[in-house]
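Add chains B and C to chain A, keeping to what the hints say.
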Amino acid sequence: MNLKTPSKLEKILAAGHLAVTSECGPPRGSDPEVITRKAEMIKDHVDAINITDNQTSVTRMCSLAACIRLKLMGLEPVLQMVTRDRNRIALQSDILGAAAFDIHNILCLSGDHLSFGDCAQGQNVHDLDSMQLIQTVRHMRDEGKFLGGDDIKRPPQMFVGAAANPFADPFEIRVPRLAKKIAAGVEFVQTQCIYNLDKFEEWMKLARDRGLHEKVYILAGMTPMKNAGMARYMKNRVPGMDVPDELVKRLADTPKEKQADEGIKICIEAIQRLKEIEGVAGFHIMAIEWEQKVPEIVEAAGLYPRPQID
Amino acid sequence: MIVADKKPIEEIIEQVKDKKTVLVLGCNECVTVCEAGGKKEVGILASALRMYFLNQGQEIKIDEVTLERQCDHEYLEEIRDVIDRYDAVVSIACGVGVQFMAEKYHSTPIFPGVNTCFLGVTEERGLWTERCQACGSCILATTGGICPVSRCAKRLLNGPCGGSTGGKCEISKEVDCAWQLIVDRLKALDKMDDFETIAPVKDWSTDRAGGPRKVNREDVQP
Amino acid sequence: MRLQYPTDIRIIRVPCTGKVDVLHILHAFEKGADGVYVVGCMEGDCHYNSGNLRARKRVEQAAIILDTIGIGGQRAQMYNLASSDGPLFAKYAAEMDTRIREMGPNPIKLAQKNAA
Chain A
1 MNLKTPSKLE KILAAGHLAV TSECGPPRGS DPEVITRKAE MIKDHVDAIN
51 ITDNQTSVTR MCSLAACIRL KLMGLEPVLQ MVTRDRNRIA LQSDILGAAA
101 FDIHNILCLS GDHLSFGDCA QGQNVHDLDS MQLIQTVRHM RDEGKFLGGD
151 DIKRPPQMFV GAAANPFADP FEIRVPRLAK KIAAGVEFVQ TQCIYNLDKF
201 EEWMKLARDR GLHEKVYILA GMTPMKNAGM ARYMKNRVPG MDVPDELVKR
251 LADTPKEKQA DEGIKICIEA IQRLKEIEGV AGFHIMAIEW EQKVPEIVEA
301 AGLYPRPQID
Chain B
1001 MIVADKKPIE EIIEQVKDKK TVLVLGCNEC VTVCEAGGKK EVGILASALR
1051 MYFLNQGQEI KIDEVTLERQ CDHEYLEEIR DVIDRYDAVV SIACGVGVQF
1101 MAEKYHSTPI FPGVNTCFLG VTEERGLWTE RCQACGSCIL ATTGGICPVS
1151 RCAKRLLNGP CGGSTGGKCE ISKEVDCAWQ LIVDRLKALD KMDDFETIAP
1201 VKDWSTDRAG GPRKVNREDV QP
Chain C
2001 MRLQYPTDIR IIRVPCTGKV DVLHILHAFE KGADGVYVVG CMEGDCHYNS
2051 GNLRARKRVE QAAIILDTIG IGGQRAQMYN LASSDGPLFA KYAAEMDTRI
2101 REMGPNPIKL AQKNAA
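Protein chains in written order, with my numbering: chain A, 1 to 310; chain B, 1001 to 1222; chain C, 2001 to 2116.
By construction, these hints were calculated from the structure, which means they are not laboratory data.
We treat Cβ as the ideally placed atom computed from N, Cα and C, and that holds for glycine.
Take the hints with a grain of salt, since some may be wrong.
[Said to hold, decoys possible] Ranges of calculated distance between the beta carbons of each label pair, as one might list FRET restraints: (1) A/Leu147 with B/Glu1068: 41 to 51 Å; (2) B/Pro1212 with A/Gly16: 56 to 66 Å; (3) C/Ile2011 with B/Lys1214: 53 to 63 Å; (4) A/Asp151 with B/Arg1213: 31 to 41 Å; (5) A/Arg208 with B/Asp1194: 18 to 28 Å; (6) B/Arg1213 with C/Glu2102: 38 to 48 Å.
Okay, chain A solo, but in the shape it has when bound (with noise of 0.2 Å):
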């Protein structure tokens, strides 16, 4: 096995495991106990779990300090880090930072636009994008230096990820795009929630087509819904993502105390027939605000126990 960081996500999907990852969003506020209360939850039934960086652009506990609290309970954090809101300076600094708590997972972000979130008002840097965020990291680990070319002392050993959206426009591109992003050097993408599995399934074999699932682990994105409301919300309100009719239908078709059930059940269906799908490296179970339900998911889908790598 050849690995390039210490990653235990990395060494995981090295070993040809299917990786299971989570994610816990920051509070808005400064109680660690928010983190480290979702982290109990999950913490057996995942390899890794991503901490947010103030998504949706609502500002929140930084995604870094909160990784931190992570690494202090021996759990495996993946760092997401968005351009959006730091110049090459600070992303550079704050790799190193979370370097020097031995965070080994990094995901490259562009984030989405500031005018989501509580600070419309405010400036975006966007100094750089995500692509040229995944070349700084991989630039700062392998050739240890800078952006601007002095050496690095210590030089940060992580575990480079980007996200991948299949169900964006323009589709045609969507796949070009996944082969840039690992000619930038990406080696683990998390994808955008999949409920459309036919267009993920065709996405995949276009992938596979160029090749690109043995250049780079795919993590399928997977996030349950609570209700038929919310499936509405994300089909309709949710840039960039793609919800079936029938999958709304579905769900209001139940009745609304089952409907939450009927959601974790599509869920876990959903992971079953992926499970099956070449190129598909391993799960990203984002339970939003729903981070009890993980290991029900997980166990169902027959991806416990997860394994066990020193």
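Chains B and C only, in chain A's frame:
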């Protein structure tokens, strides 16, 4: 052109309410085309201000002049003989004109009468949209002639992001996704191979990030 | 038809209401007019396609400015009628006359008198 939009009259009233003589100064260039600061707008603003102050029982003399440009010495010089007659000037040229006036007529207060918005085009009468952010280092050759710096909400040099839906940007269904436009153009030009070339980290020092900029052309200097 | 309409209205003829600009309307008020109304052809019947539609927008724009500066946007109004419709012409004239009388004189006139 430089696109500007009118400031609310209330804001301008607030700026000049303590003055006795005010010159409303227009510009015949970009702001005339975007109907914010040309001769006609000078007339409307001056008339409205005259009526307002008269109605308030305040005697303020408000005159109107529209210059060919406010961004060149020679045209600004045209008002040198009369500038001392005014306690203040409301310039409805773009911010460039306002500043050049302020630099030239050091002791006369100059107030902006428009909000300077962006470098853009007239898509149709009454609709102006942005095309350029003057980053100082043009990349249009690699993006099919469509600029992601000015037209992508996240100015992604390697877009589109995951929010592009039906050709529209995630911030609004009213905004085209720049990268959809780029992809459409690259296809039309049979240049889709270019899409997979990674745009490198950009040197923003030619942008506003590098501080105030100048173009210094010794070859054309006298 | 020998229709009666208020005698204090001065008619200014224009080739098309599309010729009327915000500036003309404002200048009329600056010179002391108590009200200005523009009478154009029926919408859809403009010989130049959109002259009367433009006029309506300009009247609306002038009304906003008049409101902002405390003269009263109600003093400006756009009407449309067919060129053969004398009775409606007289009705609009009476309507405007009544409205302006209720509003009183253009405050600018008084202010100008006081300033003089």
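Right, here's what the structure says about each hint:
1. A/Leu147 with B/Glu1068: 41 to 51 Å: holds (46 Å)
2. B/Pro1212 with A/Gly16: 56 to 66 Å: holds (57 Å)
3. C/Ile2011 with B/Lys1214: 53 to 63 Å: The hint (53 to 63 Å, Cβ to Cβ) holds, given that C/Ile2011 and B/Lys1214 are roughly 58 Å apart.
4. A/Asp151 with B/Arg1213: 31 to 41 Å: Hint holds: Cβ distance 32 Å, inside 31 to 41 Å.
5. A/Arg208 with B/Asp1194: 18 to 28 Å: holds (24 Å)
6. B/Arg1213 with C/Glu2102: 38 to 48 Å: violated (59 Å)
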